[in-house]
Amino acid sequence: MSWPSLNLLGQAILSGIFIGGLYGLIGLGLGLTWGLLRQINLAHFGFVFLAAYLSYQMATEWGIDPLATLLVLPPLFFLAGAGMQWLLARFEITPFNSLLVTFGITVVIESIIQGIWTADFRRLETHYNDQKFTLGNFYLPVPELLTLLLSVAIAVLIWAAMRYTDLGKALRAMAQDGPIAAAFGINEKGMSLMLAGVCAALAAVAGICLALTFTLAPSQIFAWVGVVFAAVMLGGLGSALGPLVAGVIIGVSEAVTMAVTAPSWAPIVSFSLLIAMLLLRPDKVGR
Amino acid sequence: MNKTVAAILATGALMASVPWLGLPAFYESLLYLGCHWMVLALSWNILSGYSGYFSFGHGAFFGIGMYTSAGLSGNLNWPFLWTLPAAAALAALLGIGLGTVVFRVKSVRGELFALLTLAITFVVGTIVLNTRIDGGPGIYLNAVAVPALGPTAPASLYLMALAAAVLSLLLAYRIQYSKLGIGLFAIHDDEDVAEVMGVPTFAYKLIAFGVSCALAGLAGGIHALFVAYVTAGETFNITVPLTVVLMSVLGGTRHWAGPAVGAVVITGLLYYFTAGNNPVAGRAAVGVILVVVILFMPNGILGYLGKARRKRSAPARPAAVATAAPAPPAPIAQVALRSSEVLLEVRGLSKAFKGVQALDRVNLQVHRGEILGLLGPNGSGKSTFINVVSGHYEASGGLVIFEGHQLTGLAAHRVAHAGIARTYQIPRPFAHLTVRQNVVLAAMFGGARVSQRVAEHEAAQWLEFTGLAGKGEALPDDLNLHQRKFLELARALASRPRLVLLDEVLSGLTPGEINEAIELIRKIRDRGATIVFVEHVMRAVMALADRVAVLNHGKLIASGPANEVMSNSEVVTAYLGAAHA
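In order, the protein sequences belong to chains H and C.
The first sequence begins at -7 in the numbering used here and counts up one residue at a time.
The second sequence begins at -18 in the numbering used here and counts up one residue at a time.
Chain C extracted, bound-state conformation (with noise of 0.2 Å):
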């Protein structure tokens, strides 16, 4: 077993032990409010810390849960132990439905997402405040039998307060480290890369809230036995997500534990000032924290702990680096160079923004193994194109057959898994990865989906052939231009594309810098891969290139070897304007 997963579980056994120390029982009733904002802050996180779509509606989730609970045991009887999947399960299917409907507005991210799920609260508030889930007084549970776990019923509280936390910490932890978890950070940093990467961001998007919703239910479920009284005003309002992502924020959102860590200082300083003489000055106290922490440690406890200990070890890294031993790539696929079979067509393919006609009815062939370059004044279509092919856009019109199959509506994570990468005109890597780990992902969830195992093997093979093996712990803040460039070129052929769609990966570089860059793109095709390049630089593409095609306002206007298209008389005009009489 993994010694983090062993670590957790052996505080869980030691920490079930207490009820029968003999302690005072106010001691259980603090440590069951310590593990019930445990589940709640890292319930929270794994929707909203791994995947940066901050949720205030976590207590709508938690309400369901206590709502669930109370209904079934207070009113209809149902032993309470059975309520508690129930309040999760119930929970769930609230935040899974509410996800179906909200991921699919693209819009509704950052602080939009967070003021939805607040109004959802209210909504959900509302309703259970007027109609015959509450009806209005509220609903008792002191009738209710506490599940004899331990030798007292507030022990017995705190046990199953305390399972759950467990449960929650082993959850946190795997997601994290799961191909799950790695694509939440990458939607985090930028979901639309993400996507076209091969991250199936919307399944991701509601697997996560879904875990997220069941553990705060289970919490509300818990804790309607724990109040004994359930109020509709009492539950549905600001304060459940607030303190919960204060605690999160507070211990660190990046790290599976960091709400954990977060609940229990928070709790504890709650717990010191109510104890003491003045409460109020206890509350303001805890506001004044929040407001240093989050000043002085915006990335958590965890967070700072993390980058003091990076920089600590930071000297050490370029040895290791060293002795990594330099393994040849493999090749992307074995394939004949520039045969005649057809690799990708697309037919009468149009896109059009409102207005503007972007793609107009393009028909075009590009053959396995070849090099293809896509040129165009400024505006004339060429980005669209990959935008279009690689999915990121749905076409309006016309189809993209790529091996024989239909590509055209289907999601960009569907056709990066069906062979197809791209890079981006101006770089855009998941900013809070290392430059190693934007491979891996690639590699992970692109058309070549390994394990993880095995990504991480040639992630460094890609590194190394892109002369970025010394920076693979570095973030892609410290690379230069064309150090984020090759980047780019890593994460697109670590998926092992058969086709590559390259956006003008030249520009902004220096004319050595070119030079090294064309000899890498040459590579690239040797190893197999078919590529299509947007270029603005005509040395490169003459250089590259065994046919051009030539767009202007979203029609194909010539393609054939470069030497004849770039006579050819419309493409003249397309750069040149009209010659005058």
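Next comes chain H alone, as it looks inside the complex (with noise of 0.2 Å):
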């Protein structure tokens, strides 16, 4: 083990920031349809991988810039969201089979993303990538920049509505006592829809900025679960805010493990985090 340069480890907990931007903007919508909806949506990771595909395919063969993709995707994927939900809400699904169901959704969109890009890395080269700004000693390249920044407008954006407008307490309400909250004339089952739509819609988002931040195969899908599943849990199911802050956290302490040791290292960190927040503060995650 050996410390890093003080520049170095500046620009390593950069990086984590922006990183953990990501992992919080994948895990939003996750987190919320786990706490809201009480399903864990594996098919989350599927619609941010194929929404980053659709967006390397409109960027790469189409010339159509990768921000405006931004205007066409999140619409079709609150579709394909409601969709599901629906599908889901007809079973009457339990939580733990939502799980084994949104993982079969997944394998097939895999399997679909392996059968039209192939199993080849795709990596989106844009104007973007090559620019940066400099602050000081350090860099901010504008992809990683604008994911964070996406990330935290959309999360404070939520986080507001969930507060203060109507429908987010009847959401809220809906998540404590679905009949009960029927009951005093919540639609709950248009609400379900929308707020399914809406996660869809957040993974769209997130997997445009993978695009732009992240060389893609369809056998890196998976490799985003365990990381992302440890920022929902440490952030609070249901929480708008939680996810990013944890993401952040999990970014930055990955970061720097990395630049202090090797950066195999790095899953340790975010693992035994929630670990130890399983075990001595069970009551604070998850809830």
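Calculated from the structure, these hints are not laboratory results.
Some hints here could point you the wrong way.
[To be verified] Reference listing, derived: stretches of chain H covered by chain C, where coverage requires no fewer than 3 residues with Cβ under 8 Å from a Cβ of chain C:
no., stretch
1, 44 to 58
2, 161 to 175
[Unchecked claim] Here are some of the chain H residues that sit facing chain C, going by a computed Cβ distance under 10 Å:
no., residue
3, Leu34
4, Arg82
5, Ile85
6, Leu91
7, Gly96
8, Trp257
9, Leu266
10, Leu271
[What the hints assert, rightly or not] If you want the footprint, here are the derived chain C segments under chain H, 3+ residues with CB under 8 Å:
no., stretch
11, 76 to 86
12, 115 to 122
13, 213 to 223
Keep in mind that this is a model prediction, so the values were computed, not measured.
In this text, a Cβ means the ideal position worked out from N, Cα and C, and glycines have one as well.
Two chains, two frames, some hints: make the complex.
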């Protein structure tokens, strides 16, 4: 173990914050469906990657600006998410079985991606890739910065909506006790469809950010599951800001671990953190 | 020998002859994979399917086994067969160590347990990758000699996996119908109630976890030689746990053979598609099948078949019940009624929930053979009293002495073994066990701890006693509230308790049903049990209680004969409030 220079450490922390923003963005939709609809939606990761590939396709093959895909893909994914929710609600599925069904859906999505774009790595090359700001000695690459800003903006927006609008209050009431909320005039079915749609749209946004910042391969879908789950559980199910905060904490601790020891030690940080939280403060996790 | 055991062994022997039939080698590899997944799925199900603790950490235990065998044979040159017991033992050790910590944290259940075990997988994987166990490049087993069990190396590997599969099937079957299995199924439905009824939940979960991990380690050990090249990335990932969960759920987690059926189906499907020209489409097809099966058969293939069979045989049920001869219930205990002997004594018993003092230094004696009514306004601490005495809550202070033995601080199942049984105000039957199984379980695990055969016999008597004889094969959900309350009673009585704690058995019943219940409680006492009952129905209290005790704000404010106590001014104030001057 060797202590890196202050400069290197600062850059590591910065990149940790950036990746943490992406963890938070992916985790946001996952945590909302888990906390409010009691569904463990693995298909969320499938949606993220599908959106990433679609944005890649539109940008490299059809020459559309990747940011413009932000206007097209989320509405499409809203429909897909609502459709999946309709199916799950139709069969009154238990939380654990939702995990299995959405795993099946993810496998199907993975196969579709592999069928269309092959198993090779794909990289979205745009003019954004080379743009970066410098702040003192530190580099701020534009795609990462954009991801973080989007992640923070969306999380705050959702937090405010959940807290201050009637819709948000209705959602929270529904999550606490669906039948009772329904007795007070909340349209449980409609709300669930809408929420699931919004979460899928969030997956699309996260997917576009992923395409901007990472190399894509279908096999990578499951590589994100563990760490994003950790962010969601640490941040609290159904919380809007929690996954982002937890994501940044995990991202920074991973980046610092990588800088101080070897990159291959990185996963141990988030997962040890999660295990410690589960064992020492179980009442704080996942509620 | 049992028919099922014989069938498993015979099938195993038959399958063992395959290598000598002269089939192409790839059949042996396919059969190997079938057996391999069978072991993993069956082992997963022993903890997760039976007890409901869904583990996503099977990859970790499988991986430990894999690395143990790979390291010992590849790096230290142990003969391969000797590495397999080590692989199983190390995996079991990790599982038991983990369980000792995790199972103590009561709220880590359900999805939290799934997540915790998943996290363990990645932690173990990272440690293996970064230490000398692996170190990065992986371990090659090309130089390791395959034990010559069959005519060729693939055949030998297949025979090893087959032996492991037979072992797993036998264990899964044996455990499901053993006392351990019955206890695990009770934990699945309601762990707190299982503990209160005498199931040593912690020990049972630990045993199940140990067996499950040992088998996974064994499968991993054999697999190390099969793949001949072990890497951390290919081992400690989410594929193994997800595949295993998928197979078990597909086959049915409540049946010992369910995971084996699922393993055969999925392995076959994957083979069928990868052998064809389009492996990607094959993978997609597996995904679609998973979705369709969960949506239309949420209980798995065997669960679905079992249900269909029960439906077909349903009309025959009432006739079968009618032929059962009604036998008089055995006396609970042979003792003189209403002696002056102290059966239960609590001294200075206190229980605080953060700021709320639910019980405040309560002193109370219960005499053998009496019926004591425990009264008090809502929130006065009556239910807490029952929860503390039955061991569900740990007392914050004071002593509970039963038949001269200290019970304070004992786990709830030990309290049940001492001879105390309770009922719940809102009935909490084990939802997936039949009415009869609910009662059998109480007899097997409670104070009496009789064998399964005796328990079956006694359960029939107690069902007769409580008027539920015709409902033995129904699920608790099919009962009405009145019947569910009586099921609570039957469960409490089946453990042959010396002390029964009844928590508002009468609430929610119609006047006619209350009369019936009062008669039943009298009969219970006449059979020798001592009864403490919490009740709001004053008519019943007056009719039944030899003595009443009144709690208010956690303090005992009065005790004595019912008529005296009810005219006590402090009691009147507690119920009706102080008169304004």
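For this structure, which hints from the list above don't hold up?
-> 1, 2, 12
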